[in-house]
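Enquirer: Going line by line, the protein sequences match chains L and D.
The first sequence begins at 50 in my numbering and counts up by one.
The second sequence begins at 361 in my numbering and counts up by one.
What the hints contain is simulated information worked out from the structure, not anything from laboratory work.
You can take every hint at face value.
Straight line, CA to CA, 27 Å or less: simulated DSSO-like cross-link-like pairs of lysine-lysine:
hint, chain 1, residue 1, chain 2, residue 2
1, L, Lys119, D, Lys490
2, D, Lys496, L, Lys154
3, D, Lys364, D, Lys440
4, L, Lys301, L, Lys242
5, L, Lys119, L, Lys154
6, L, Lys154, D, Lys440
7, D, Lys440, L, Lys119
8, L, Lys119, D, Lys496
9, D, Lys481, L, Lys119
10, D, Lys440, L, Lys362
11, L, Lys242, L, Lys209
12, L, Lys362, D, Lys496
13, D, Lys481, D, Lys440
14, D, Lys505, L, Lys119
Quantities reported herein were computed from a predicted structural model and do not represent experimental measurements.
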Amino acid sequence: MNAPAKDGTQDVSKPWQSEKPYLDSNELIINMGPQHPATHGVLRVILKLDGERVLGTECVIGYLHRGVEKIAENRTYAMFNPYVDRMDYVAAVSNGLGYCEAVEKLLNVEAPPRAKYIRVILTELNRIASHQLWLGTHALDIGAMTPLFYTFRDREEILKIFERYCGARLTAHAFRIGGCQYETYAGFEKDVKNFLTFVAPKIDEYEALLTTNRIWLERTKNVGVISAADAIALGVTGPVLRASGVKWDLRKAQPYAAYSDFDFEIPVGTRGDTYDRYLVRMAEMRQSLGIIEQAVNAIPEGPIMAKVPKVIKPPVGEIYHSIEAPKGELGYFIVSDGSTQPYRLRVRPPSFVNLQALDIMVRGLLVADVVAVIGTIDIVLGEVDR
Amino acid sequence: MVDKYRSQYGSALEALTYLGQNYLSVDRSLIPDLLRLLRDGEQFDYCVDITAVHYPNRENQFDVIWILYSFSRNERMRVKTQIADGASIPSCVSIWATANWLEREVYDMFGIRFEGHPDLKRILLPDGWKGHPLRKDYGILQQDKEWVQINLGIESGQ
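Using the sequences provided together with the hints, build the complete structure.
Expert: What follows is the structure, given as structure tokens:
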């Protein structure tokens, strides 16, 4: 066993060294992943165990690193647009919204109102799809198989709308710098409204399966607790932060697109455990339905594309713009040198930053709970590794 | 707020605005004291991001940038400083715990060392990799061929 440092100081990089052993036995180090069905991709977690108890973790990431930021420096602004869809590939539309708005800010143009409404509708549909995928896989990890089939069945309806709108289902490339390339197809509004009436009772169905399910409660209540102070210090955002009781959502705090036009609530939790994060995301899906309904009923007429030069050459300068992606704050920091390619493009990925909280959330829990906590943070490795 | 700091630090600090976004361009010697002051005195309790930009033709080749946010003020602020190639900069993990991975990524991608970081090692690239890919002198097709041959047993990873 590793002894604590001689001068009594804690070696922060090896948190388990300062922990009192739970059992009087040697610690066991095991690898979880990178090929493990419950790590949602290629995440490797090195677990330091004392019996069944977790003393510390270390995440090894980068297996899916593609150098997205380097690629950006070698592509024009418009050419880079499809690449952002490949980061958080279950919420590709949100990625595109953040990128297009960031470049628009840098160019000092604004998308027309109609484009903004289309963007809000598609982004909120995507938020529901992302939460549905999260719920299905998270419940499957914990042992409930049925929600997976329910959520994937219903998510299909969203993907059908995407496909009819822009021809792609997942990596949609739905928006362009300056607005949207495609006008809505005939019957778009009807499809969206049909979807709203279709999915609302389905969300109740998911809740009927889980919210008062005794096994679900046992596996999620008081598991993976993170306090508001810890969450803020660790830069955690999105539903994970809100479940700890911080009422903060970028759509309200610093409204972008057309979000200031709509009424919606920010669901928050109190305990910051896995169950609260589940409740927050379920409530968020319902709020998204409300936003979509308001948007689709008030969608203005007009152009869908602002006047954007054929060759996009933003003036010298830099911009940081962020949006509330389904997983948290997704930011783009772009430095322009006045040429057609970004001089530097930094993506602030919510999954990457949120994953850092895993260690503090699982310490002292059982091995089986690690699976529950990885699921509840809702990471997508494409975004963690970029 | 800016006036207060300007009188305190003089020419070492410059407050600028571009497209409605505020940032402070500061001398390296003010890091990390100024960051701590911003957190404790001005409630910038959330460190959104830490990143860097490489300017190979400049004497101080790197810009290191901290993007901060204050929940109570609903305000963003960027702090920017310049450092030379090979120089190090104090770590701010003790100010914001989130800096841990963010600084590791800057180190991984640019080779900037953060003094006092608890475990400064590569995060996205494998441990034995040579080179820091987001430097401007690192080509887009460049790779650590030796590493690829030893660890993957193939001629090229592309």
